[in-house]
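Please dock the two separately framed chains into a single complex, following the hints provided.
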Amino acid sequence: MSFRDILNSGKFVVTAEVGPQKGTDIKEMHHHMELLKGKLDAVNVTDNQSAVMRICSLAVCKIAMEHGLEPILQMTCRDRNRIALQSDLLGASVLGIKNVLCMTGDHVTAGDHKSAKPVYDIESVQLLKAVDGLNNGRDMSGNEMKGPTDFLQGAVVTPEANPIEPQLIKFGKKVKAGAKFFQTQAIYDIDKFKEFMRHARKFPVKVLAGFVVLKSAGMANFLNNNVPGIRVPQSLIDELKAAGKEKALETGMDITARHIRQLKEEKICDGVHIMAIGMEDKVPVIMGKAGLL
Amino acid sequence: MIISKKKDFRHLMDNIGRYNNFFLIGCSECASLCGTGGEPEIKELTEALKAQGKSVSGGFVAKTGCQVLGTKVELKKFKNEVDSADCILIMSCGAGTQAAVELYEDKAVYPTNDSLFLGNMTRFQMFDERCSLCGECIIDMTGGICPVTTCPKGLLNGPCGGCNDGNCEVSPDIKCAWVKIYERMKRLDRLQELCETTIEAKDWSKAQKPRNHYAKEEKKK
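Chains as they are written, first to last, in the working numbering: chain A, 9 to 301; chain B, 2 to 222.
Extracted from the complex, chain B is given alone in its bound form (with noise of 0.2 Å):
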């Protein structure tokens, strides 16, 4: 999922303090689990705003709120409060953002939060990073752990020198990835694949921005 916290609210209120009644929308995939816009969180942005003197006319979780068409045909029941709002805020992750900047061309659309990355919730709200979208996936190759994103250098062929008692010399909380990957395969009886096996330099062109892909067209291909 992509994993967002929150902005600094004083940071927040630089930002929007022009503006004084506001809409809130939250979504109920990623940013409700990484508690940053789901229904506690759109409460209590609501009560923090007003606080500071100001208005919201109204607030509603998305049920996914990247997904454009999906969440314009939700917003059609708070067209009025969206009406009399002079800003929307948005409680998810960039790409929802965006996506309330396409509904309304007109309007002031904020976000609450920062992106961070796509990740895995190993814990309650605890997130780790996994998977870098790098546009073409080689964890086949490397017992199913990407060093392309565990590894600060994001190294294909094996440890570097700074792979300290096993841990990372970038990151000293963190298990070295190609420690890592090297107990997989050596598990999986896979470590003559691993010796024998050099992963060419990556295809960076896979990850030109900004990306777009139509699965519905490469279906009827």
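The following block holds chain A by itself, in its conformation from the complex (with noise of 0.2 Å):
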């Protein structure tokens, strides 16, 4: 079943991440593909994430296919205007890649080519729209094409954004904007991810929880202070500390794997997104926790 189909089965949806990574050598990402195959709905490609320079997502979402995984394109607006944008999507189209995650990107300052012209011709709203127009056979410019392209087209959403109003209007018009499913930045306190989702219900999307696992304390702390939208409550902070050096990892994956299940259980969301940021590894593993093989 296509990741489209499941979304729309009403199953609990679980999708990951690959990293394409610097460099050819690409034998450990193949191998975290074999370990992810047929356990995930979809896997999402990042696209030169956190603005540093690596193997573009649309050549790792044909190997992801040759695999057996069904890819999410990201596309950024960082680094492409709206005619490099628009023609790999059609590339991407071509290559039998069927979901895209439209967003905006990172800076280029927060990469490694910090004196790269960011190029933000379009933006994470105005790409949906483009999606849109081009599954109905016409360009931005409104020429019409010759054949259509058929994406599931995505969007991300930070539900801890402080001030969050601003947010959630932009959410609105990235519904308004063709966005079919949402994959939210980490969340890490539920109640309050419960309360992002009564104001999301309201509108006909799917909505993936996401997840980024805390390795330690320390992580937490970091995530706190350096990446704005991510809020790590103390009461997980002192969980993982007493769990001591050794375990907080083991901890880390413990305390993922309860928030899916209460999720799943309590149906809040649609499903869940597990970035591993580099423990690829480890996904299977939480995913087993939570009831999920």
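Hints are supplied without guarantee of correctness; some may be wrong.
With a cut-off of at most 30 Å between alpha-carbon atoms, the simulated DSS-like pairs for lysine-lysine come out as follows [stated by the list, open to error]:
1. 6/B with 184/A
2. 184/A with 207/B
3. 125/A with 207/B
4. 210/A with 6/B
5. 125/A with 203/B
6. 106/A with 249/A
7. 176/B with 200/A
8. 207/B with 122/A
9. 181/B with 184/A
10. 184/A with 176/B
11. 154/A with 187/B
12. 106/A with 203/B
13. 6/B with 122/A
14. 202/A with 187/B
15. 181/B with 202/A
16. 122/A with 217/B
17. 125/A with 187/B
18. 125/A with 6/B
Chain B regions said to be covered by chain A (calculated; three or more residues, Cβ under 8 Å) [what the hints assert, rightly or not]:
19. 12-23
20. 70-82
21. 147-159
Hints are computed from structural coordinates only; laboratory data are not their basis.
Each residue gets a CB set at the ideal place from its N, CA and C atoms; glycine is no exception.
What follows is the structure, encoded as structure tokens:
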């Protein structure tokens, strides 16, 4: 069943991500894809994440398909103008890629080519509209194309953004622009996430809650201090501290699994998106702990 | 106004080292307010050049250095000083420098400043960029605050995920442009409009370089 069909079936959806690497030795990536094969409903392939130059998302999506994984092509507006974005979307379409996640993209100052010219010719809302146009056989200039695309387009949202109101306005605009599903920034406070979902449920979209596994109390503090839109509650930091250094990662995975179970059992959202960030091999472990395998 | 900044003096001397006698042209508009091209700066640069063993034949503050014909008229009375100089130094913006290049086809013309941006003076000689001259103003839809300029990504439909407690992730010392827009639209009771308007992709053909604009002909039309 395709990711689109699974989303629409009402099943609790599980996605994870593969981060392409810098360089052409992709043995480890093949290994991670083999580990994830058959376990996920789709796998996101990030687009030069954190503005660090790596293998392009499109090529790695194709490799993921060869491993039997259904890819979600992440597309940021940072590095390409509207011509390049649409051209890559057509390319993705003819390669058989069915899902695209439209995002603005971290600024180049976050990455490893800080003197690069940031593009942002268009942004996430406009990219969603562009995908909708391509799906209807027209490009951004209104030209009719020989054959439309057939993408399921998604977007991102930060449920714990502060202030939240402008973020919710943008969420509404993304829905209006054609977003069919959302994958969220990492969440750690289920009660606060429930609040966000009360708002999101007013819209006809699927929401997958984002998870980043905490490896230690130090990492939790780092996220709180350095990553906008991420709030790890003190109770979880205490839990990680109490576990001690050796058991911290195990505890972090238990926390993620516990949260995923709660979301699924209480039917709070439509699925989860696990961002392993270099620990792709731990994704099946977390899924096992959460009862998803 | 056009915000300018003095070039590092040593760097300037590397550029103009081969010349010996200079004529200096400042500007009474932006460059004077920026402290880069007024009377005090002309005096200061004259002394600095002399200290390097150079001569200065003269100098003056043009009323509007980028106004080519006006500056040409003002320069008439400095004909001898300009003729005796082997290099003209322009102490305003890149437009001022190129006005002089246009007036003196056969003479060396060098800028003493770097031109930075179109900005507002918020306090004495403190400048913030507020307008990118994108060619099609959209701030009628954003409460009069320009996201093209004040958001590092130029986002047109709301904040990115990098908004950090109301501040910008890229420039942490500034407030998120979209939080500012949200707050202002709320004060003006225009939130409904903000929610309902999706701003279309910008038409960058409006900013096709080099631009020109003939107001007189527009008026005739």
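Status of each hint after checking the structure:
With a C-alpha separation of about 45 Å, the suggested pair residue 6/B and residue 184/A falls outside the 30 Å cut-off, and the hint is violated. Annotation: proposed proximity of residue 184/A to residue 207/B holds, straight-line Cα distance about 27 Å (limit 30 Å). Of the supplied pair hints, the one linking residue 125/A and residue 207/B holds, its CA atoms being roughly 20 Å apart against a limit of 30 Å. For the suggested pair residue 210/A and residue 6/B, the alpha carbons sit about 52 Å apart, so the restraint of at most 30 Å is broken.
Among the hinted pairs, residue 125/A with residue 203/B is consistent with the structure: their alpha-carbon atoms are about 18 Å apart, no more than 30 Å. For the proposed pair residue 106/A and residue 249/A, the alpha carbon gap of about 42 Å is over 30 Å, so the pair is violated. For the hint pairing residue 176/B with residue 200/A, the CA-to-CA distance comes to about 25 Å; that is within 30 Å, so the pair holds. Distance check on the hinted pair: residue 207/B and residue 122/A sit about 28 Å apart at the alpha-carbon level, within 30 Å; holds.
With a C-alpha separation of about 23 Å, the suggested pair residue 181/B and residue 184/A falls inside the 30 Å cut-off, and the hint holds. For the given pair, residue 184/A sits about 27 Å from residue 176/B by alpha-carbon distance, which is consistent with the 30 Å threshold. Between the alpha carbons of residue 154/A and residue 187/B the distance comes to roughly 45 Å, so the proposed pair goes past 30 Å and is violated. Pair hint residue 106/A plus residue 203/B holds up; C-alpha atoms about 28 Å apart against a cutoff of 30 Å.
Distance hint between residue 6/B and residue 122/A is fulfilled; the C-alpha atoms sit about 23 Å from each other, no more than 30 Å. Our distance criterion of 30 Å between C-alpha atoms is met by residue 202/A and residue 187/B, whose separation comes to about 26 Å. Note on residue 181/B and residue 202/A: the hinted pairing holds, with a Cα-Cα distance of about 27 Å set against a maximum of 30 Å. This hinted pair does not check out: residue 122/A and residue 217/B have alpha carbons roughly 44 Å apart, beyond 30 Å.
For the given pair, residue 125/A sits about 34 Å from residue 187/B by alpha-carbon distance, which is inconsistent with the 30 Å threshold. Among the hinted pairs, residue 125/A with residue 6/B is consistent with the structure: their alpha-carbon atoms are about 22 Å apart, no more than 30 Å. For a cut-off of 8 Å, the count of residues in the region 12-23 of chain B with a CB near a CB of chain A stands at 0, and the three-residue condition is violated. For the region 70-82 of chain B, the assignment as covered by chain A is violated, since 0 residues bring a beta-carbon within under 8 Å of that chain's beta-carbons and 3 are needed.
With a cut-off of 8 Å between beta carbons, the region 147-159 of chain B has 7 residues touching chain A; three or more are needed, and the interface restraint holds.
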